[in-house]
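Model the full assembly from the supplied sequences, consistent with the hints where possible.
Chains A and B, in that order, give the protein sequences.
FYI, the numbering for the first sequence is 108 to 375, going by the numbering used here.
FYI, the numbering for the second sequence is 7 to 1021, going by the numbering used here.
It should be emphasised that the hints constitute simulated quantities derived from the structure, not laboratory data.
Errors might be hidden in some of the hints.
To be verified - Here are the simulated lysine-lysine pairs, DSS-like style, with alpha carbons at most 27 Å apart:
1) B:Lys515 x A:Lys137
2) A:Lys152 x B:Lys515
3) A:Lys112 x B:Lys520
4) B:Lys626 x B:Lys316
5) A:Lys110 x B:Lys515
6) B:Lys635 x B:Lys204
7) A:Lys152 x B:Lys520
8) B:Lys72 x A:Lys221
As the list claims (entries may be wrong) - Just a few of them, taken from the derived set where beta-carbon distance is under 8 Å, the chain B residues facing chain A:
9) Val678
10) Glu683
11) Tyr844
Quick reminder that beta carbons are idealized off the backbone N, C-alpha and C, glycines included.
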Amino acid sequence: MAKPKVLVLTGYGINCDEETAYAFSLAGAKPEIVHVNDLIDGARKLMNYQILSFPGGFSYGDDTGSGNALASRIRNNLWQELLRFTESDKLALGICNGFQVMVNLGLLPALNGKYGVTEVALAHNNSARYECRWVDLGVAATECVFSRGIGGMRVPVAHGEGKFYARPAVLKQLEKKGRVVFRYLAPAGAPAAGVFPHNPNGALNDIAGVCDGSGRLLGMMPHPERNVHFMHRDDWTLLKEGYRRRGEELPQQGEGLAVFKNAVEYFK
Amino acid sequence: MRFELRVSSYEKMAHRIEIETIIDDARAGVMLERMRRMSGGRAVNSLQVVDVYTIDRPLRRAQLEKIAAMLANPVTQRAAIGKPLMPRAFDWAFEIGFLPGVTDNVGHTAREAAADLLGSEFAATQGVYSSRLVFCRGKLSRRRIRALVAGFYNPLIQRLQIKDSRSYRRGGMGVTVPQVKLVDRMEVDQVDLELDDKGLRELSARGIPDKPLAACPERAGRVEGRGPLALDLPSMKVIRDYFRKVLKRRPTDVELESLAQTWSEHCKHTIFAAELDEVKEGVFHHYIARATNEIRRKQGRKDICLSVFKDNSGGIVFDDDYMVTDKVETHNSPSALDPFGGAITGIVGVNRDTIGFGIGAKPLINRYGYCFADPAETRFLYRLPGKKDPLLTPRRIADGVIDGVQVGGNCSGIPTPHGFTCFDPRYRGKPLVFVGTIGLLPRRIRGKRAEQKKALVGDKIVMVGGRVGQDGIHGATFSSEALSSGSPASAVQIGDPITQKKLSDVIVKEARDKGLYNSITDNGAGGLSCSVAEMARECGGCRVDLSAVPLKYPNLSPWKIWVSESQERMTLAVPPKNLNKFVRLMTRRGVEATVIGEFTGDGNCLVEYAGKLVMDVPLKFLHDGLPKKKLRSRYRVKRQPEPRFAAPRYLAKELLGMLDRLNICGKEFIAVQYDHEVQGGSVIKPLQGKGRVLGEAAVVRPLLHSVRGVVLSSALYPGYGDIDPYWMAACAIDAAIRNAVAVGGDVGKMALLDNFCWCSSDDPFRLGQLKRAAQACYDMACVFNTPFISGKDSMYNDFRGYDSAGRSVQVSVPPTLLVSSLGVVADSGKCLSLDAKYPGDRVYLLGETKDELGASEYLAHKAGSRGGRSIGNNVPRVDAKKNLALYRRFERAVAEELPASAISLTLGGLGVALAKMAIAGGLGLEIDLGVVLRARKLKRDDYLLFSESQGRLLVTVPVERAERFERLMRGMSCACLGTVTDRPRLMIQGLAGKTVADVSVADLEEAYKRRFRDY
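Structure representation (structure tokens):
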């Protein structure tokens, strides 16, 4: 089968497009970075791609709320096309600001299977400050395509508004329906239980990523594309010494790559 | 300022949408905490923050509801339209918004989003303005609440309203539309220069007199200056004589302002270019550029330089296909007035020095450096006597600057993996804010060398990006002066990183590689007047029509359009055949592009406005007419008092005290706010090891498929300059190189950048210090063979004002030379972090330790505890030849992957390096000072532990690689001091064989991290 085509969105302050495209190509996909205006004016057609990627960044500088203005631009100009895409057998992945955009568009978690209603929010971090740090993620058993076979991973977060918030009833539904894909962990693998810095933003139930009912749409605050090489990890110099002393070969890839490989695998 | 606030009468036209957060609001929580800290108690019980949007456009209710629904998050917020929110209980309400004309990014985005939502654009005069309303509960007097709010508001850029609950309940805050309504005169004036010396001096200091304006009754009869030209008398005379004799007419205000910008200290570096004593060619050419030229000649085929000094950045070879560029800027004066705005414009501005390098490099890495006074300092300084016009406190400045670089860098998606903070009370009058950007550029684009560019005759002059406004008038001339009460507020502006991100993306990712333009440069200091005139040199002339320049608001005087420093703009030379394609591409990416003139070849800089010629000056005079200054220096190294105190018997307490020092302790709170992982190339990160210790160098892979890396580091020792600026500069160079070597850098592929931040540069003593520092730059660079590729100087970092007792004071920064390094490593997989890795590993100290505690952190620490100020005389010296040999040998050890970790010894010497290594690794160390290679005279344990001798590295090596390591290091100064231990304690045995320190790593960590934990 041909490599799945990935549309990696860019424009208006999206800034993780290049490394996200790189992660997809490393995983065996064929990514193309496309400006949102090229979709709007029809120079590119969303339906020609199998995977839609909303990368991280600062669309519109987070002004009027992170992801809000870009979501508004997409809703105003691309909604029908996007709806057709998400309702087909395709995948969509939102990372960090991309997650915020997907949440504002109501693509996630789409609790009752209906896209378009904003049900959850990514609010200001408890520290009210931008945080760039590495976190450990645990993976729950869900329908999610992207997390298949992943036990856990260490990846960075970098955001000012990443506190996952939902009203109690919505939160209960999310848990009940198994939509929580990633959670922040404490070092020994126990739940972070809201404690900083393991839970870096105060996210309710330590939620770091959620999927829709089909499992084809995933949004997450941490950045898996920033750990696709061994050398990406914050502790790689220590790990390297460990491998060398044990006489083992150094791994080449990072744990985050599995997310992108799963996406490619889906189309095989 | 000639602005007008439109209030109340427009209420019917403008709409107000208030958005409250209905879940726990972290922003309110943090603000409350800060207020409580400021008020020293719990006077404030609770806070509620409300986002306000004022929409100045006639809209129907249904449209407003749509907009409100878009602006408010349906899960966490609730909107109120046209009706003030009324919380049940509050005592005070205050609202902070921007002054007219100040960049309002949130308002700007809301305007764009609302237009998209409604499917109809706003008219030019219609707008959306953001502000923040805060409800506050607490028994506070009006005076008290005013004082508290002052900590959140800057009158230079913001407006404030405070109401008690009673008056607020009567009608809320009302509607304020901060629209700019300029009442400028649109004529061009002829300026009379036939004045005596006093008159010329006055004209330069006050600026061109503004003629009274008939249409503006409140200003009728008043003659104001337009702000300093900041030209010295000889320059004023040269201009007068040139117009009198050659052009035979009076200059226009446009011409005079233009000359002032072009000849400013900021643009022409008049001090660095001046003849100084016997140095006829000037400090820059004689010391800095000469070093680079000699090194390049010596290196021959190994020369790494591709572009030095002449462009917006410097560029060196990265690999066969790419080059890397670097530039470090300062933004000191604006940051003193508005720390956030000054810093964000600084970082976003230096990004444009990358985009404007060659044919357009991509910003790859940001770096920062801050020189502040102690943020705990609470004594105020004032610009005017009688406690009037206070300077911002060091804490306000630090918070604002750190945040400005955060927003600028993070919003632009450029990683910030490296920086430093340096503290000295003398940075109280003016902070130093360094911001740098490294860029990546293919060496050839469409077959042409990418570092070269040339505007051609007939090319259109195209301005892209933001529009021109009143902001940033006189920024360039302003930096040529000391800070005082006359400092222009319009020199302050706020950056708009998203406008620039759009611009940057379309230039370096699309237009560049399509070959749509011939040349590009940044609109920085001096605005169009400098960028266009600079590019005009490439072809030999230009003709500009100021009427074509897109403005933020109508009625801007022609001279202002020409010199305004409004941000996020670049100037390009686009050949006519590509013009349509170029403008279309820009438009499709949401970037405004406007033809404002044409490049010519007639040797003149011609500017017209409304069909009339307003500037007609030969380029040759504009660029080369500036008279060269002749300066004299006088400097002699002064003997400093030598401190006398007995060596403490037990050093654990001293070490803990050292780790807690401002200049040594951890500043994790800065590093975590700056995204250092974006773009996916981070290798050696700012916080290292489990213990998260701040490193002094970083490594980044610019190409994701390659292990080739860029190494960056920096160093400065302003304190050493108090003893001898020569060694201050030499140590900064050695340390900048060594910091890079410690992470695995390669001296053979390394370049340097210099940033001289001096004070009172008219003073022969200060000039003498400058000369000595520059001499060291030449001497050291030539031995290390590390060429200078780019630099920047800022010569007047002085503050003249008053203290709280009304006494006149001058606070000048210590002469500060920042040296930054940029290098390339073939395999970043061999790079090293500083944390001790495994118990049992051996600990080596490379290099020799001498009695070099002059102006050291240790002497300052001891003086602090005894109240003395003796800095001593034994400032560290640099034996560059010896150090270079050691570094090259260590590089071989790294190439063979022998060391497991390494750290460069800097402030606090061996003791601090040991502690950092242990804290980072979470492991102990057992160390014997007896085996340290030392000068024979050095017999004190405390001096041995805290001497700041240069040229030293602390390294750990596993036992199985130790033999090979020792063999390799043969002939070098290398001593095995001990081992890494499982037990997390740092144990140090002194010269007498007794334990002089035995301290737990947890205690070390606590001392290292305590000070800034709550920041």
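Query raised in the report: Among all the numbered hints in the text so far, which are the ones the structure does not match?
Result: Result: no hint breaks.
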